[in-house]
Amino acid sequence: SHPYEVLMGLVIIFNACLIIYETDLRAAGKKDPLWRQIVNAFLLLFYAVDVALRLFTYRLAFFRCRWNNLDFLVVTSDILSLALITIIGDIPSFAVLRVCRVFRLIRFAHLLLLFRELHIMLTGFISAMRAMFW
Numbered sequence: 062s063h064p065y066e067v068l069m070g071l072v073i074i075f076n077a078c079l080i081i082y083e084t085d086l087r088a089a090g091k092k093d094p095l096w097r098q099i100v101n102a103f104l105l106l107f108y109a110v111d112v113a114l115r116l117f118t119y120r121l122a123f124f125r126c127r128w129n130n131l132d133f134l135v136v137t138s139d140i141l142s143l144a145l146i147t148i149i150g151d152i153p154s155f156a157v158l159r160v161c162r163v164f165r166l167i168r169f170a171h172l173l174l175l176f177r178e179l180h181i182m183l184t185g186f187i188s189a190m191r192a193m194f195w
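Mapping of the sequence shown onto the numbering used here: position 36 corresponds to residue 97, and the numbering continues sequentially without gaps.
It should be emphasised that the hints constitute simulated quantities derived from the structure, not laboratory data.
Be careful, since some hints might not be right.
Taking CB as the label site, the calculated pair distances span [unchecked claim]: (1) Phe194 x Ala170: 16 to 22 Å; (2) Leu183 x Ile149: 39 to 45 Å; (3) Trp128 x Ala192: 25 to 31 Å; (4) Arg125 x Ala192: 34 to 40 Å; (5) Leu121 x Ala144: 24 to 30 Å; (6) Leu106 x Pro64: 17 to 23 Å; (7) Phe186 x Phe75: 19 to 25 Å; (8) Arg191 x Phe123: 30 to 36 Å; (9) Cys126 x Ile74: 32 to 38 Å; (10) Ala102 x Ile187: 30 to 36 Å.
Virtual Cβ for every residue (Gly too), placed ideally from N, Cα, C.
Using the sequences and the hints given, assemble the complete structure.
Here you go:
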């Protein structure tokens, strides 16, 4: 439904801002604040419930959509990453799993495709960039 897509769009934009904030903190060598970790856990729960409900609704047809496969991969890797970090601790070898969170930003591109006007603007922007760097 349209209201649900708008809600998901807002959540994805908020999540993108948090990912950028986390990246800036890590680049500055600062510690990740507790509030951001809690918000990230709630976002992961929100995404997991979203994927679980779609999986329950569509059953095996869920896996026929590439966006669903991406969402499933991202949520599964985030849950695995969170579990490993909770059990073992934050070690550099888990950075690969943390990179999977960046794939959440790809959902932002999917969001742009849902809204015709934004899709047209994005297509125009990409075309202009191609012309500039050709």
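How the hints compare with the structure:
Distance hint for phenylalanine 194 and alanine 170: a CB-CB separation of about 20 Å, consistent with the stated range 16 to 22 Å. Checked against the hint of 39 to 45 Å, the C-beta distance between leucine 183 and isoleucine 149 comes to roughly 40 Å, which is consistent with it. At about 29 Å, the beta-carbon gap between tryptophan 128 and alanine 192 stays in the expected band of 25 to 31 Å. Between arginine 125 and alanine 192 the beta carbon distance is about 36 Å. The supplied range of 34 to 40 Å therefore holds.
Between leucine 121 and alanine 144 the Cβ separation comes to about 26 Å, which falls inside the hinted range of 24 to 30 Å. Checked against the hint of 17 to 23 Å, the C-beta distance between leucine 106 and proline 64 comes to roughly 20 Å, which is consistent with it. Checked against the given bound of 19 to 25 Å, the beta carbons of phenylalanine 186 and phenylalanine 75, roughly 22 Å apart, stay inside it. For arginine 191 and phenylalanine 123, the Cβ-Cβ distance of about 34 Å falls inside the hinted range of 30 to 36 Å, so the restraint holds.
At roughly 22 Å, the beta-carbon separation of cysteine 126 and isoleucine 74 lies outside the given 32 to 38 Å, and the hint is violated. In this structure the hint that alanine 102 and isoleucine 187 lie 30 to 36 Å apart at CB holds, the actual value being about 34 Å.
When held up to the earlier numbered hints, the structure conflicts with hint 9 and nothing else.
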